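J.: Here is how the chains run, residue by residue.
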Amino acid sequence: MSRERGRSVPKRLLLLVPAVVLLAHRPAAAATLSLREGVPEIDVHGFVSQGFLLTTANDYLADSSRGSFEFSEVGLNFTVPATDRLRMGVQLFSRRLGSDGDYRAALDWYYLDYRWQDWLGVRAGRVKLPFGLYNDTSDTDSARTAVLLPQSIYPTRNRDFLLAQTGVEIYGFTSLGSAGGLDYRLYGGTIFLDVKPQPGSPLTVLDLEVPFVAGARVLWGPPIDGLRLGGSLQALRLDTDLLAPGASAPITVKIPATLWVASVEYAVRDLLVAAEYSRWLVEAQSSNPAVIPGGSAVSERAYALVTYRTRPWLQAGAYYSLLFPDVEHRTGREAVQHDVALTLRFDVNAYWLIKVEGHYMHGTGGLSSTLNGNRPLSSLVPDWALFVLKTTAHF
Amino acid sequence: MRIAALILVSLAAAGAPTEPSRSSYVVIVHPETPVSRLDRKFVADAFLRRKTRWPDDRPIRPVDLGPDSPARARFSRETLALSVASVRNYWQQRIFSGQELPPPELDDEAVVSYVLSHPGALGYVVAGTRLKGAKVVDVN
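Top to bottom, those sequences are chains A and B.
For the first sequence, this note's numbering assigns the number 156 to the initial residue and increments by one for each residue that follows.
For the second sequence, this note's numbering assigns the number 36 to the initial residue and increments by one for each residue that follows.
Quick caveat, the hints were computed from the structure, so don't treat them as lab data.
Check the hints yourself; a few may be wrong.
[To be verified] Pairwise CB distance ranges, derived in the manner of DEER restraints:
#1 R165/B to L388/A: 46 to 56 Å
#2 S534/A to R75/B: 53 to 63 Å
#3 S148/B to E364/A: 45 to 55 Å
#4 D103/B to F367/A: 45 to 55 Å
[To be verified] Computed list of lysine to aspartate or glutamate pairs in EDC-like fashion (alpha-carbon distance at most 20 Å, straight line):
#5 K170/B to D142/B
#6 K409/A to D349/A
#7 K76/B to E420/A
#8 K167/B to D143/B
#9 K86/B to D338/A
#10 K76/B to D273/A
#11 K167/B to E144/B
#12 K351/A to E364/A
#13 K409/A to E438/A
#14 K86/B to D273/A
#15 K76/B to D92/B
#16 K86/B to D380/A
#17 K86/B to D239/A
#18 K409/A to E364/A
#19 K76/B to D91/B
#20 K76/B to D380/A
#21 K76/B to D338/A
[Said to hold, decoys possible] If you want the footprint, here are the derived chain A segments under chain B, 3+ residues with CB under 8 Å:
#22 196 to 203
#23 231 to 239
#24 294 to 300
#25 327 to 339
#26 423 to 429
Keep in mind the model is a prediction, meaning the values are calculated, not measured.
Glycine included, each C-beta is placed from N, C-alpha and C at the ideal position.
This is chain A alone, in the form it adopts within the complex (with noise of 0.2 Å):
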């Protein structure tokens, strides 16, 4: 009985996927497209997700204080295995989160992949991030235990500028031999932004883009089973102009960032442990410093997360996650972001799944001003807790 091939699927593809994740009765993870003979079959996934955020004070994220569903993504791809070198895939998406995304289908990634030698690969196109562990799954709700992952490495609200760039990556795997094995990605592109309204803010962007994106991901598999070492490096520089209040002119803001996260998991079995340790210098070079002040500020960032199975259809997960955006300025309720989450996820079926978590917080360096009505995060309250439910349908 074949799970994935050969199998025919309507045309209405949109309407598909949650007819397909939610009245199915078989263990799919696909549907395959079958053109005509000749023709390469198109494996097809998707999912649907649909959050609830809430906290005891402070909006995190959406205005959670009041409870917010405004937590909502859906996904939906289509590759195609060309010849057994080449494939080619895209995928469209769409989210809300609080004042993020606006439930608009834009092209999450897409690809030409060319993958010459186990060693050497090639793609091009709109390409996902790799930095860290999970940057480029990050969006996958399946893929994981928790609902959030910890936001001072993986800042949710980040996505726009650190989950996919468009240019061109070169990647590879191999064989270390007794050492173990070595997988690589380097690559280097631009990342589209759209220059979106900022309620409450009193500058006014006029534009915004990002010259370029270069970075690495190197993971070392020692010869020990579920063992990754890994380091990545990522440098971008983001320019923007802006217009200040009775300003005649706009301001050019010059921002370079350079990121670097070190790495380790272990995986073996039903049982995850996974820690990371990151830094993030972020420049800024105004055109106008009497009006917006130039400055740089190094933000350190850390988590360890360990998550296991029970049961097929159980998960229990946990994390300690801690930010602080500025080294330099430690003290304070704004200067710090401590998270410590819990999360239990249940596997309803294959392609069916519910997780709640909660997390306390202490802290409010990780919130933001402008959701908090532009008051500062040092008035915010300091002790706080966020409650998370969230089901996805995939196939």
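We have chain A; now place chain B onto it with these hints.
T.: The following block gives chain B in isolation, referenced to the frame of chain A:
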């Protein structure tokens, strides 16, 4: 505190073992594949699509058993060092980040047919399955 208590209660209620009883399996390849013995790590890398080519540059075409097969549970545990559910998570990550696609999942007889009809194929079936000429390889 209530959530922590809920987790503990759920874990206690769920008990220990995560998978059903396991049955033995044999690893098979297309009859023209010039190997008789494979390293376990090579097989794992091939099934997780880290390695995609045989030493003679022919593409490796891994083929899996369905997720409910007891032989799949044993193969995943012994060869991939992962549970079947963890392998599913691995593929979710790869699929939705635009990387690799998982091997097709078939039943035992269909795996044999697939291996016989696809040069470079690599699969496994429950021991005792009629192999119809598929070549058995040792894995160490």
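J.: Does each hint hold? Answer for all of them.
T.: Comparing the hints with the structure gives:
Range check, R165/B to L388/A: Cβ separation about 53 Å, and the 46 to 56 Å hint holds. Range check, S534/A to R75/B: Cβ separation about 59 Å, and the 53 to 63 Å hint holds. Taking the beta carbon of each, S148/B and E364/A are about 54 Å apart, inside 45 to 55 Å as hinted. At roughly 49 Å, the beta carbons of D103/B and F367/A sit within the given window of 45 to 55 Å.
At roughly 18 Å between alpha-carbon atoms, K170/B and D142/B fall within 20 Å of each other, so this suggested pair holds. For the suggested pair K409/A and D349/A, the alpha carbons sit about 17 Å apart, so the restraint of at most 20 Å is met. The hinted pair formed by K76/B and E420/A meets the criterion: a straight-line CA distance of about 18 Å does not exceed 20 Å. Proximity of K167/B to D143/B is assessed by CA-CA distance (about 12 Å); at most 20 Å being required, the pair is judged to hold.
Using a Cα cut-off of 20 Å, the hinted pair K86/B and D338/A holds, with the two alpha carbons roughly 11 Å apart. Straight-line distance between C-alpha atoms of K76/B and D273/A comes to about 15 Å, which keeps the hinted pair within the 20 Å bound. With a C-alpha separation of about 10 Å, the suggested pairing of K167/B with E144/B holds against the 20 Å cut-off. Using a Cα cut-off of 20 Å, the hinted pair K351/A and E364/A holds, with the two alpha carbons roughly 12 Å apart.
For the given pair, K409/A sits about 8 Å from E438/A by alpha-carbon distance, which is consistent with the 20 Å threshold. Restraint check for K86/B and D273/A: satisfied, since their Cα atoms lie roughly 6 Å apart, inside the 20 Å limit. Using a Cα cut-off of 20 Å, the hinted pair K76/B and D92/B holds, with the two alpha carbons roughly 18 Å apart. Our distance criterion of 20 Å between C-alpha atoms is met by K86/B and D380/A, whose separation comes to about 16 Å.
Between K86/B and D239/A, the direct Cα distance comes to roughly 13 Å. Compliance with the 20 Å bound is thereby established for this hinted pair. Annotation: proposed proximity of K409/A to E364/A holds, straight-line Cα distance about 10 Å (limit 20 Å). This hinted pair checks out: K76/B and D91/B have alpha carbons roughly 18 Å apart, not beyond 20 Å. Distance hint between K76/B and D380/A is fulfilled; the C-alpha atoms sit about 9 Å from each other, no more than 20 Å.
Taking the CA atoms of K76/B and D338/A, the gap is near 15 Å; set against the 20 Å cutoff, the hint holds. Chain B is given as covering the segment 196 to 203 of chain A, and this holds because 3 residues of the stretch bring a CB closer than 8 Å to a CB of that chain, at least three being needed. For the segment 231 to 239 of chain A, the stated coverage by chain B is satisfied: 4 residues place a CB nearer than 8 Å to a CB of that chain, which reaches the threshold of 3. Coverage of a stretch by a chain is defined here by at least three residues with a beta carbon nearer than 8 Å to that chain's beta carbons; for the segment 294 to 300 of chain A and chain B the count is 5, and the condition holds.
Restraint check on the segment 327 to 339 of chain A versus chain B: 4 residues with Cβ-Cβ distances below 8 Å, three needed, restraint holds. Counting residues of the segment 423 to 429 of chain A whose CB lies closer than 8 Å to any CB of chain B gives 4, so the stated coverage by that chain holds, three being the minimum.
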